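Peer 1: Quick note, the sequences are listed as chains L and R, same order.
Its first residue numbered 1, the first sequence is counted upward by one per residue in my numbering.
Its first residue numbered 1, the second sequence is counted upward by one per residue in my numbering.
Computed Cβ-Cβ distance ranges for the label pairs, DEER-style: (1) L:K176 to R:L11: 33 to 43 Å; (2) R:A273 to L:Q385: 27 to 37 Å; (3) L:H225 to R:L320: 48 to 58 Å.
Read the hints as simulated data drawn from the structure, not as lab findings.
Quick caveat, the model's predicted, so the values are computed rather than measured.
C-beta atoms are modelled at their ideal positions from N, C-alpha and C, and glycine is treated no differently.
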Amino acid sequence: MELTRRDTVALGVATMLATAARARAAEPDTLVSGDNLPQNLDPHQIFDVPMQGYALNTYDTLYRYEGNPPDMLPWLATSHTTSADGLTWEFKLRPDAKFHDGSTVTAADVVYSFQRVLGLAKAPAGAFLPVLKPTGITAPDATTVRFQLEHSYAPFLAAIPIVSIVNPRVLRPNEKNNDWAAAWLASNEAGSGAYVLDPKTYMPLQRVDVTRFDGHFMGWKENPHPVHAIAYRPTKETSTRLLALMQGSIDWTDSYLPVDDVGQVAASKVAHVAKDQDMRVFLIRMNNARPPFNNVNMRKGFAHAFDYDGFIKDILKGYAQRDPTPMPNTLWGFPKGENGYDFDIKKAKMYFDKAQHEGVNLRAPIEIHIQEALEQTTQAAQLYQSTLAEAGINLKIVNDTWANLTTNCARPETTAQMWVHWVSTYFVDPENWVGQMYDSQFHGTWKASCWYKNATVDALLGKARITIGQAARAPLYEEATRMIVADSPDIWIYNTVDLRGVNNRVKGFRFCPVGGGTEVRWVQLTA
Amino acid sequence: MIWFITRRLGLAIPTLFGLLVITFVLIRSVPADPAAALAGDNATPAQIAAIRHKFGLDRPLYEQFAIYVNQISRLDFGVSAFSGRLVSFDVRQRLPATLELTTTALLLAVVIGVPLGVIGAVNHNRWPDFLLRTTSVGGIAIATFWLAIMLQLLFSMQLGWLPLRGRLALGLAPPPGPTGFLLIDSVIAGQPAVFWSALQHLILPAITLSLGGMATIARFTRAGVLDTMQKDFVLYERAAGYPRRRLIWIYVLRNSVVATVTQVGLLFGALIAGAVVVESIFDWPGIGDYLVQAILTGDYKVILAVTLVIGVIYVAVNILTDIAHALIDPRLRSG
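Based on the provided sequences and hints, a complete structural model is requested.
Peer 2: The structure is reproduced here in structure tokens:
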């Protein structure tokens, strides 16, 4: 039989379609993560939720948060001691931990790692810079690390898991102009974690490949069938992410699965939704330093004008837990019995009338800034717009970016009038929320972007920061939080229930508010 | 011809400098602080101020611009705030993906759009012409993101014929190659599996991206051919018994494509702009997606570099278009 050109083309197309991967694109022992990636790979430069997901798999820390609610477990350190005045902390290291190059993790490496964090002075340093100098970190012997604090700082231990321990033997040869090898580590890895990066295939925000480190100090006995490799392939678009999950080409999504998609995923045979109570507070900020929110009655009116139940039950379909304070209601230090503000337009109008008598111009439009990519910020703003309209307030919705919003928080005059965001778990201590959000010493940071100032609250938070022991600190945070709620500087809406689409072949998923369950060493992939 | 090309190249320099000035001023007019982007989340104001000083971001704007122009004259685009790598490295890594996508889309648009336009013109006011006019309006009007999702649903989810996202199947490494175009490099490296996978991954994004351009080219070609067919020389050649197919596809088409060629030059710029959306939906690791991330993170060095690179490509394509014009119509060489 003679083949014409047309036949050849038809045959080629048919072959291509026949060989196209009808089956899932994933490989049997490779977990494909569709979650977001950090902007670069240096855990001492970047300190956000995507970095937690990456660093938990490639780096180790002295202590590590596991479980929900999170427990702080010994990791590279086996134990620690604190002096009576809370100024000296000593950590004993396990002797058998190895970096990926085979060298032993020593106390000197821990000293280098903390000094590097302080030297780079980027985001992860924020928790340590006020209390720790590079010379205050020493290694009396190969397995002991000593921290001498400048003054007592109770959240110090809670912040210890922030710092990934890096290998100076790998970094020092790559240092340029005293940069602590920051340029090199941004696209390489120098850790001891359960997985090892393949730097050759790395593409920022697009592609990360890691493979299992057989020599990890924890061993793999707890997980007889661990995942061999993790392929990070973030999906930018929500629709593509959902399709990729349903098709089986990613094993999990990020933890912001839209509630409208929950039913579809849950009904599928391919995937399910992991629903976990997080410590991530969703709130609407008000700029207390500028009109009209420098008026307490205006703020209280706004607090009563948000339809909390409508948002949680109707829009979020119940996948959130009402939280009337800035503290996660699952954390110690949460003021029990505090109900905050309810949705009541009559009360809102009453407060608005009071504010008007005090000189507030109710007719001036108010801007609320949202991030369109984060659907809930838009939904919250739209709902708010409609309820505020009932009270005669004109709310304008402005689309913005995280970079813009946070950088504008440096000064009160550039900070948005209102904006919507979450405060996630960077370390498990009330300091992460109420401490850094409402103590005026943090003015100029995005967390403190409401510009709230109350001398009594500052004093309480300052005292809680230097008081040793959770039992003694908890009442201080409870009292401070009640006072903050009474002043109504922000509108606190809910504590998040994480919604992550997970392929059914993934077993052993362990959620923790730090990292959102993306630590893969516990995970298995079934056929 | 050499003088013609030299003159076109000379005009490109002020164009690109103007682009640089406008982009620099616009980016720095936005209130976002690049130092804060460099410092990252949870940085204190003191940390941000230290970074601002270190990178000279507290200097006057004209001084910063002079430093930047000096840097790029040495092809030094600086370091990306978010990736921590040289911007030139990131651009080199991602640009081929975008060019492979846009070039394929452009080829599709031309290869399909031109014949469709000719068929429409030849069948003026008959059903093929009506069909072309209706579908081309649809092709221009259709929203890229909607079309992309529909194609994903049909060809990836329902039929399972083509991949949903990405540029290459999991487990396949890009071949080392001179061009960065996976289709070409895989052929050079003799890796048919990579070629096949790259081709499959390219189809849906390229079709999505090409549709609007295809419709535009079809309409321009149709109009051009219709106009040419009214010319005397066509009447004469028809009367002389010239074969119809040869007359239309060679003589009429050559005299009709000047407007289409102009459109192709302009279309290339539109395709690069359109690639931003397509790359995002198909997780295509190109420069458009890189630019979006840079905008979201306030990484102004990346924004400037990518804008400039796209500008250079756009100018280059338009110079090539001018040259093509001159080749098609020698009268333009003296103009």
